[in-house]
Amino acid sequence: MSVLPALDVGLALLVVGVAAWTIAARNLFASVVGYVAYGLLLALVWVRLYAPDVALTEAAVGGGVTGVLLVTAGKRLDALASAEVGVPPGRALKILAGALAALVAGALAWVVLTLPSPAPSLAPAAAEAAAGPGAGLGNPITAVLISYRSFDTMLEKVVLILAVLGVWSVGADAAWGAAPAPLRKVRPDGAMILLAQFLAPVGLLIGVHIFWVGADAPGGAFQGGALLAAMGMVAMMARLAEPPRIDSRKLRLALVAGPAVFLIVGVAGLALADNLFAYPQNFAKPLILFIEAFMVLSIAVALPMLVCGPPNGSPK
Amino acid sequence: MTPPILAGLVGAALVGFGLYGLICDPHPLRKLLAFNLVGSGVFLVFGIVARRGAAAGFAFDPVPQAMVITGIVVAFAASALAVALILRLAAASGKVTLDPRAWTKRDDGGAR
Amino acid sequence: MTASPGGALLVFAVLTPVAGILLSFALGGRAAERITLALAPIGLALAGFIAFLVARSGAPLVYVIGGLPPPLGIALRADGASATMMVAAALIVPAAAFYARAKFATPDGVAESRGALTFWIMLQAIWAALNLIFLGADLFNLYVALELLTFAAVPLVCIDGRPETLAAALRYLLFALFGSISYLLGVALLYGGYGTLDIVLLGERIAATPLVWTAAALMTAGLLAKTALFPLHIWLPPAHANAPAAASAVLSGLVVKGSFFLTLRLWFYVLPALPMAAPAAILGTLGGCAALFGSILALRQPRLKLLVAYSTVAQIGYLFLVFPLASAPAGGALGWSGGFVQVLAHAFAKAAMFLSAGVLAEALGHDRIAHFSGAARALPLTFLTLGLGGLSLMGLPPSGGFEAKWLMLRACAASGQWIWAVPILGGGLLAGGYVYRILAPALADGVVEVKARPQLSRELVALGLVGVALALAFAPEGFFEFIQIGRPLAGGGAS
Numbered sequence: 001m002s003v004l005p006a007l008d009v010g011l012a013l014l015v016v017g018v019a020a021w022t023i024a025a026r027n028l029f030a031s032v033v034g035y036v037a038y039g040l041l042l043a044l045v046w047v048r049l050y051a052p053d054v055a056l057t058e059a060a061v062g063g064g065v066t067g068v069l070l071v072t073a074g075k076r077l078d079a080l081a082s083a084e085v086g087v088p089p090g091r092a093l094k095i096l097a098g099a100l101a102a103l104v105a106g107a108l109a110w111v112v113l114t115l116p117s118p119a120p121s122l123a124p125a126a127a128e129a130a131a132g133p134g135a136g137l138g139n140p141i142t143a144v145l146i147s148y149r150s151f152d153t154m155l156e157k158v159v160l161i162l163a164v165l166g167v168w169s170v171g172a173d174a175a176w177g178a179a180p181a182p183l184r185k186v187r188p189d190g191a192m193i194l195l196a197q198f199l200a201p202v203g204l205l206i207g208v209h210i211f212w213v214g215a216d217a218p219g220g221a222f223q224g225g226a227l228l229a230a231m232g233m234v235a236m237m238a239r240l241a242e243p244p245r246i247d248s249r250k251l252r253l254a255l256v257a258g259p260a261v262f263l264i265v266g267v268a269g270l271a272l273a274d275n276l277f278a279y280p281q282n283f284a285k286p287l288i289l290f291i292e293a294f295m296v297l298s299i300a301v302a303l304p305m306l307v308c309g310p311p312n313g314s315p316k
Numbered sequence: 001m002t003p004p005i006l007a008g009l010v011g012a013a014l015v016g017f018g019l020y021g022l023i024c025d026p027h028p029l030r031k032l033l034a035f036n037l038v039g040s041g042v043f044l045v046f047g048i049v050a051r052r053g054a055a056a057g058f059a060f061d062p063v064p065q066a067m068v069i070t071g072i073v074v075a076f077a078a079s080a081l082a083v084a085l086i087l088r089l090a091a092a093s094g095k096v097t098l099d100p101r102a103w104t105k106r107d108d109g110g111a112r
Numbered sequence: 001m002t003a004s005p006g007g008a009l010l011v012f013a014v015l016t017p018v019a020g021i022l023l024s025f026a027l028g029g030r031a032a033e034r035i036t037l038a039l040a041p042i043g044l045a046l047a048g049f050i051a052f053l054v055a056r057s058g059a060p061l062v063y064v065i066g067g068l069p070p071p072l073g074i075a076l077r078a079d080g081a082s083a084t085m086m087v088a089a090a091l092i093v094p095a096a097a098f099y100a101r102a103k104f105a106t107p108d109g110v111a112e113s114r115g116a117l118t119f120w121i122m123l124q125a126i127w128a129a130l131n132l133i134f135l136g137a138d139l140f141n142l143y144v145a146l147e148l149l150t151f152a153a154v155p156l157v158c159i160d161g162r163p164e165t166l167a168a169a170l171r172y173l174l175f176a177l178f179g180s181i182s183y184l185l186g187v188a189l190l191y192g193g194y195g196t197l198d199i200v201l202l203g204e205r206i207a208a209t210p211l212v213w214t215a216a217a218l219m220t221a222g223l224l225a226k227t228a229l230f231p232l233h234i235w236l237p238p239a240h241a242n243a244p245a246a247a248s249a250v251l252s253g254l255v256v257k258g259s260f261f262l263t264l265r266l267w268f269y270v271l272p273a274l275p276m277a278a279p280a281a282i283l284g285t286l287g288g289c290a291a292l293f294g295s296i297l298a299l300r301q302p303r304l305k306l307l308v309a310y311s312t313v314a315q316i317g318y319l320f321l322v323f324p325l326a327s328a329p330a331g332g333a334l335g336w337s338g339g340f341v342q343v344l345a346h347a348f349a350k351a352a353m354f355l356s357a358g359v360l361a362e363a364l365g366h367d368r369i370a371h372f373s374g375a376a377r378a379l380p381l382t383f384l385t386l387g388l389g390g391l392s393l394m395g396l397p398p399s400g401g402f403e404a405k406w407l408m409l410r411a412c413a414a415s416g417q418w419i420w421a422v423p424i425l426g427g428g429l430l431a432g433g434y435v436y437r438i439l440a441p442a443l444a445d446g447v448v449e450v451k452a453r454p455q456l457s458r459e460l461v462a463l464g465l466v467g468v469a470l471a472l473a474f475a476p477e478g479f480f481e482f483i484q485i486g487r488p489l490a491g492g493g494a495s
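Residue numbers (the UniProt record's numbering), protein chains in the order written: chain A, 1 to 316; chain B, 1 to 112; chain C, 1 to 495.
It should be emphasised that the hints constitute simulated quantities derived from the structure, not laboratory data. Wrong hints could be hidden among the right ones.
To be verified - Computed footprint of chain A on chain C, listed as stretches where at least three residues anywhere in the stretch have a Cβ under 8 Å from a Cβ of chain A: (1) 61 to 68; (2) 121 to 127; (3) 154 to 163; (4) 424 to 433.
To be verified - Below, simulated DSS-like cross-link-like pairs (lysine-lysine); rule was C-alpha separation at most 27 Å, straight line: (5) A:K250 <-> B:K95; (6) B:K95 <-> A:K285; (7) A:K185 <-> A:K75.
From the three backbone atoms N, C-alpha and C, an ideal C-beta is built for every residue, glycine too.
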């Protein structure tokens, strides 16, 4: 057994162990911390599956941003320690649920291990499309997201906007228009501020770089946007920046910019390339980078706003 | 064992653990964690499918990988909405339970 | 696969409300309401024109997005069933919007209010998501549509912010998320097995293997959780009863039909190669149980909105009888038509009843059935709507509900599956019981205190909707031919 397979098995056991811990832990906060560690481990699994783009997204969104969201929520719930929780289910239901979960997991494992060989794949079709009338992008995942399945990607950005509005909508009527509460109540100490002052600009550059190279190398709008979002959150946690008011016109425009530009370019495709969401062959690549730039902006703004929560305090 | 096979077993285990937690854990925030475990298990299945589909000079089939990226963002948005609802529920009522019995008493006749 | 003339309209049917969402969100305030109301005629015209094109060509209308055909690209496809559902949505969503103007006007003195902005944007989002669900021809694209629908529907449930509405919304969200992820897992397996997610291509390639059965079970379980089919119904009554009336009308009338529609798509279009007898029997049995238990629970509810919500649980049950009836070798077309007439009759009748329940709760200040004595004299138009809606729920002539049950019973006879007549007739009797429970006290002597006179225009909107539910009883033969356009025959091959 060489080193790599042994590491793989170790990683797999670790991921499953941490996952079991998040379910089994008695304490809510321990379970949350377990989940955050799990998100970071998962990014390593994705690296091993030759999926650097997914690993970047998983590390930034699954580990980083979700981690902040859940830790903040866990802390706020712990502060309401008196909160009444429902009763755990009886033993019969637990056994039934366990049996169902085992059945599903078993069936899934069996089906996944007996997937047909040779595996069906759209990789050849994607390669051909990239060489032919496609967008001339070196990163096939970016091509799938922005060209072949652009309709999914555009609508998924609309889902993000609905989620932001949904989060805002659980706030109080009187607070509408105000800014969400700061991510941390107390002002952090000097070390945190220093770290944020150093980290945020570096992360910003890396985020922009990831977006820019994403056309040809691993990276792209999602990953770049998510990294920028994470840096924004670092700055907010150090209280170097505060969440904006939710009725700010600039904020609203930044949130809709990605899907709106995508939609407009998509409709223009009918005139320019005879098809909705088609790109004219000669300037497909600049158009795609143009769309992606606005998507980076929308993602970078939407993710921190989702973490910040509903508006808080007085609107005036 | 190759990484895809291992990842397949991990994915199946994650779906199983998550499903159990989703049904059995009474705390909504922990139900949400369980949902996220199921979600990442499902994404791993996409990942295996992508890796197995390596062809035409690609180390993976890009289509399922792109779907995972879309899926991760949607799952995060769902988590954020759920967290907002949980925190508001806890703050407004002092209760974080989904048990319907806890909510039937304060019935005002729906005069809205 | 190539695009049909006029196929671009399919994309615009989705993009128009999406553009409305983006504009409403950016401009905020009163613009959201104005944009939603302005969308109504556009959306209705688009749905009507798409239906016209489908009827004229007698074949599904197809559009390939970006000019890149499946399996790499995504297609949209409108057949008779999708066009019918789109027209229904284009009537019910604007009716709910018109009704909601009084409640969700942005108050004077503020630039924007929480409830109004949320309501108007989420209503447009529901419309966009439903159109995509009816038109989608790619299983992952349909996953995005399902998520769009969830994110639009959940905030509507807790728009008035009381703790019990927040709990209802959270429970709904968790069920819906379980549904989406279970569906998505099935999608992953199908892609792993066949390398495409296009419904037509999958329908041609799929064979009955363990992989396909597992995927089918996962996707069906997910969709049933979203449709609230018994025994996964517990989230629905509190969610639909706590939402504002205009939202309840759309949630009960249309939103649960979205995931039902996808269940139909899955079994009849994606999986025609699977032997259908066992799954159809399971779905039919769950549907039959839902029709009976839902009605019994409705009989026991003290509040009108809860009663109407439990009636939705029961009426959803009938929809699932379409699986055994439409997949039978004989009478399949009758079963299919019966199922669709039931979808439409329930959508219009239930939307009308929820709007009426809203009028009533505002006029009386409560919706406790025990305190309805004499209410029919005070609110005659509203109780007329409730009574006529009840007629359709019971399945008495002349109503769409009767037409649906009549078609289903004929399908039972043609295929010799008499067992399904039990829930059809039994559920009808029980529905008679709960409709009587609403009307009897209201028609009895007594005096109710009317706190606010209802607006005539709102009562008329509800009456108009129930009128459509009744008019379905007189649907011409051509309508039944129309909803069969593009329906694959059971056992493989498209008609």
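### Task
For the pair supplied as a hint, K250 (chain A) and K95 (chain B), confirm whether the alpha-carbon distance does not exceed 27 Å.
violated (37 Å)
### Task
Given that the region 121 to 127 of chain C was listed as covered by chain A, double-check it with a C-beta distance under 8 Å for 3 or more residues.
holds (count 3)
### Query
Is the hinted pair K95 (chain B) and K285 (chain A) satisfied, with a Cα-Cα distance of at most 27 Å?
It is violated: about 53 Å lies between the C-alpha atoms, which goes past 27 Å.
### Query
Are there at least three residues in the region 61 to 68 of chain C whose beta carbon sits under 8 Å from a beta carbon of chain A?
That given contact holds, which follows from 6 residues of the region 61 to 68 of chain C lying within Cβ reach (below 8 Å) of chain A.
### Query
If you look at each residue in the region 424 to 433 of chain C, do at least three have a Cβ nearer than 8 Å to any Cβ of chain A?
violated (count 0)
### Query
Holds or violated: K185 (chain A) with K75 (chain A), Cα cutoff 27 Å?
holds (12 Å)
### Query
Counting residues of the region 154 to 163 of chain C that have a beta-carbon nearer than 8 Å to any beta-carbon of chain A, does the count reach 3?
Held - the region 154 to 163 of chain C has 5 residues with a Cβ nearer than 8 Å to chain A, which meets the minimum of three.
In terms of the numbered hints stated before, the structure departs from hints 4, 5, 6, listed from lowest to highest.
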